[in-house]
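**Student:** Going line by line, the protein sequences match chains A and B.
So for the first sequence, this note's numbering puts the first residue at 791; every next one is plus one.
So for the second sequence, this note's numbering puts the first residue at 791; every next one is plus one.
Hints in this document: simulated from the structure, not taken from any laboratory.
Backbone N, C-alpha and C fix where the C-beta goes; we use that ideal spot for every residue, glycine too.
Do not rely on the hints blindly, as some may be mistaken.
Pulled from the structure, derived: some chain B residues nowhere near chain A, Cβ distances all over 12 Å [claimed, not checked]:
(1) Val803
(2) Pro850
(3) Gly1139
Selected chain A positions facing chain B (in silico; Cβ < 10 Å) [as the list claims (entries may be wrong)]:
(4) Phe879
(5) Thr880
(6) Ile914
(7) Pro917
(8) Asn1100
(9) Pro1102
(10) Val1104
(11) Lys1105
(12) Gly1109
(13) Asn1114
(14) Gly1147
(15) Ala1152
(16) Tyr1191
Distance windows between CB atoms, simulated [said to hold, decoys possible]:
(17) B/Gly925 with A/Asp1132: 40 to 48 Å
(18) A/Tyr823 with B/Glu1155: 14 to 22 Å
(19) A/Arg1093 with B/Glu1003: 25 to 33 Å
(20) A/Gly1126 with B/Gly864: 24 to 32 Å
(21) A/Arg846 with B/Arg933: 42 to 50 Å
Residues per chain, in single letters:
Number of protein chains: 2
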Amino acid sequence: MSHPVSPLAPKHVPTLPPIAGIRLATAAAGIRYRGRTDVLFVSFDEGTEVAGVFTRSRCPSAAVDWCRANLGGGKARVLAVNSGNANAFTGLKGREATRLTAEIASRAAGCRPEEVFLASTGVIGEPLDATKFDGVLADCARRARPEGWLDAARAIMTTDTFPKVATRTVRLGDRDVTINGMAKGAGMIAPDMATMLSFVFTDAAIAAPVLQEMLAAGAARSFNCVTVDGDTSTSDTLLLFATGRAGGAPVETAQDPRLGSFREGLEALLRDLAQQVARDGEGARKFVTVEVGGAESDASAHRIAMSIANSPLVKTAIGGEDANWGRVVMAVGKAGEPADRDRLSIWFGPVRVAHEGARDPAYDEAEASAVMREEEVTVRVDLGLGAGRATVWTCDLTKAYIEINGDYRS
Amino acid sequence: MSHPVSPLAPKHVPTLPPIAGIRLATAAAGIRYRGRTDVLFVSFDEGTEVAGVFTRSRCPSAAVDWCRANLGGGKARVLAVNSGNANAFTGLKGREATRLTAEIASRAAGCRPEEVFLASTGVIGEPLDATKFDGVLADCARRARPEGWLDAARAIMTTDTFPKVATRTVRLGDRDVTINGMAKGAGMIAPDMATMLSFVFTDAAIAAPVLQEMLAAGAARSFNCVTVDGDTSTSDTLLLFATGRAGGAPVETAQDPRLGSFREGLEALLRDLAQQVARDGEGARKFVTVEVGGAESDASAHRIAMSIANSPLVKTAIGGEDANWGRVVMAVGKAGEPADRDRLSIWFGPVRVAHEGARDPAYDEAEASAVMREEEVTVRVDLGLGAGRATVWTCDLTKAYIEINGDYRS
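Model the full assembly from the supplied sequences, consistent with the hints where possible.
**Tutor:** This is the structure we're talking about:
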């Protein structure tokens, strides 16, 4: 658990401002870890709207089931998150644990259990003892305050080596609104809808259905474009809470022209958090951007980009600072998408290494090697077929990944 | 290249008997390696029938293109294989290299270039200098003899740590026929049709279309059920040659009742070779069998089994001797196939660790840990939905895989 901070961690950590209508607290409930917080409690003023997207896993966690069921109401008063135990594949006991946690949280906040949103992250298959939240959440409710965002992001970490936060201030109609976000995740990252856990908060007055539309669109271009190991979690949860306390006429439709800047800001924030997840990829030493262009469609480009970003051979080559573009060819070839070997071009950074189905005649290994020694590497592929484009982010695959995951439970 | 022999290598290496109509020779052409053979030359008597299955990669090697084009003729006189260079993604030069190699081989054997089958394995993207075969193949043709099968298997190795051979003798009609086979492959192994390279030889008298039908069916249940790293090669090639020299009335249709034992023997041999590939998986310390039952269909079971066998988290857990069945749940969940969390059961070896969507109440961690310490580990999943079944083979993921692939080219 105590791995050194990823060398790819952001050099600057922003201070997140308070958001009207939101108070935070963290606690150490002793769920699994010692000497650190493992509970995050967030309370929302009445009238807070909520949207969410979740893992597409056929074996979702009990907390994901709970959130999905409550999302229809569109209202949230509490978010309670624990780390150390995913409460996934825990059967009937798992469902009872979410119900009990929500009851404890609702009593603490003075709301209905249906207004409580839950997330759990950590080991799969261990029963979660929800009685550990008894007293703890009530105490959190008393202590909760508008500050402490970085502490909040720390409380939900598992194998993460740094807390992941981001903030944006954008214009909505005639006023400024704030968007704060946090995320956790370092392994089992190939979100099929959202990442392990990410929570985004705003004081904007936007109705739940509009939030939902924007969140789904934003996730598709951020979290769903990140992979660490191609393993999709049982617990992926991305929730967006809007207190409306910034005031102004509420946004009721996704077509509202006032949304332009908010939509952009939200997407930038989601992308920021998603990239931080890749930067904290287990054992990561290099941050990798894969850009695919010239595909038959955007969807096809995305699948090819993911095939490259998930290839252990491509990722170990990048880890070894080896401009082994033959493995990129392999990953394009195996993606099952339209591709024509003889039209393919490949770049590492600015260096074109392959052109029209063969090594670039002007290719200089020394130049390519210099690119590979950088901390951030961009792999670019042009398929030469159409206008489809996609960008995804990942990290290299190193011995440290094996080390971290060879004895995660022990 | 000089990694120690996999601890999972077969304890007993069979001696392959001669096959009437087949002569072999190997040579050191200095394509990439020093101090070892890198060329295999096999000559066939006139009348030899041939069948083949190849990678489904959209970026196949030039040799795969060459074999595909010649397969229609159904006749083979020479198989020429080189290691050290895959002649893949080498553009027009690659096509010229195969043509020149085939010409040199056809002159050496006194046949037409269309009767020459080629395979190349090694680095992708480097031009293959076919002039290196000049003189070498003619010399091979002079030296070729019915023995030397293990040397042949050695000449086609790249990151393999042991040569892979197998033999079966089966009844066909009123006589015994022999099937010999060899394979190479250790990384970039997730065959979508066949593995990197595998060649199978028999003296049976069977027509090419019948061979083709049996080979495709056999590959689906052997090589296509093996994965090392989920990376599908550009060069996967499985060829079956039948000299007919055992005599007897030739088998002309796939429905011929005499084929029963041959079909079985061929499939057992293909499975043997395929499992040897997983046993030589780069960095492998454990041989892993994944059995999935109770799926909605066999195809669905296969996809779920592959999702488990390709999961880096499952594979690192097995490498770490950790009975982390939560990761098996994750891999079932992400496969995108019908699954019901609450009907799922999971076993490691004989130990049922999960039952009906939760940890097995009788589960004993010590028992499960003992299973994980074995050199061969079976992961079994029952989905509880239907009668679909599949078995696939893989290996664990260790630091040695990273080591081998972080500096393959250097």
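**Student:** Compare the structure with each hint and give your call.
**Tutor:** Checked hints:
no. : hint                                 : result
1   : Val803                               : holds (29 Å)
2   : Pro850                               : violated (7 Å)
3   : Gly1139                              : holds (18 Å)
4   : Phe879                               : holds (5 Å)
5   : Thr880                               : holds (6 Å)
6   : Ile914                               : holds (3 Å)
7   : Pro917                               : holds (7 Å)
8   : Asn1100                              : holds (8 Å)
9   : Pro1102                              : holds (5 Å)
10  : Val1104                              : holds (8 Å)
11  : Lys1105                              : holds (9 Å)
12  : Gly1109                              : holds (5 Å)
13  : Asn1114                              : holds (6 Å)
14  : Gly1147                              : holds (4 Å)
15  : Ala1152                              : violated (14 Å)
16  : Tyr1191                              : holds (7 Å)
17  : B/Gly925 with A/Asp1132: 40 to 48 Å  : violated (31 Å)
18  : A/Tyr823 with B/Glu1155: 14 to 22 Å  : holds (20 Å)
19  : A/Arg1093 with B/Glu1003: 25 to 33 Å : holds (32 Å)
20  : A/Gly1126 with B/Gly864: 24 to 32 Å  : holds (29 Å)
21  : A/Arg846 with B/Arg933: 42 to 50 Å   : violated (59 Å)
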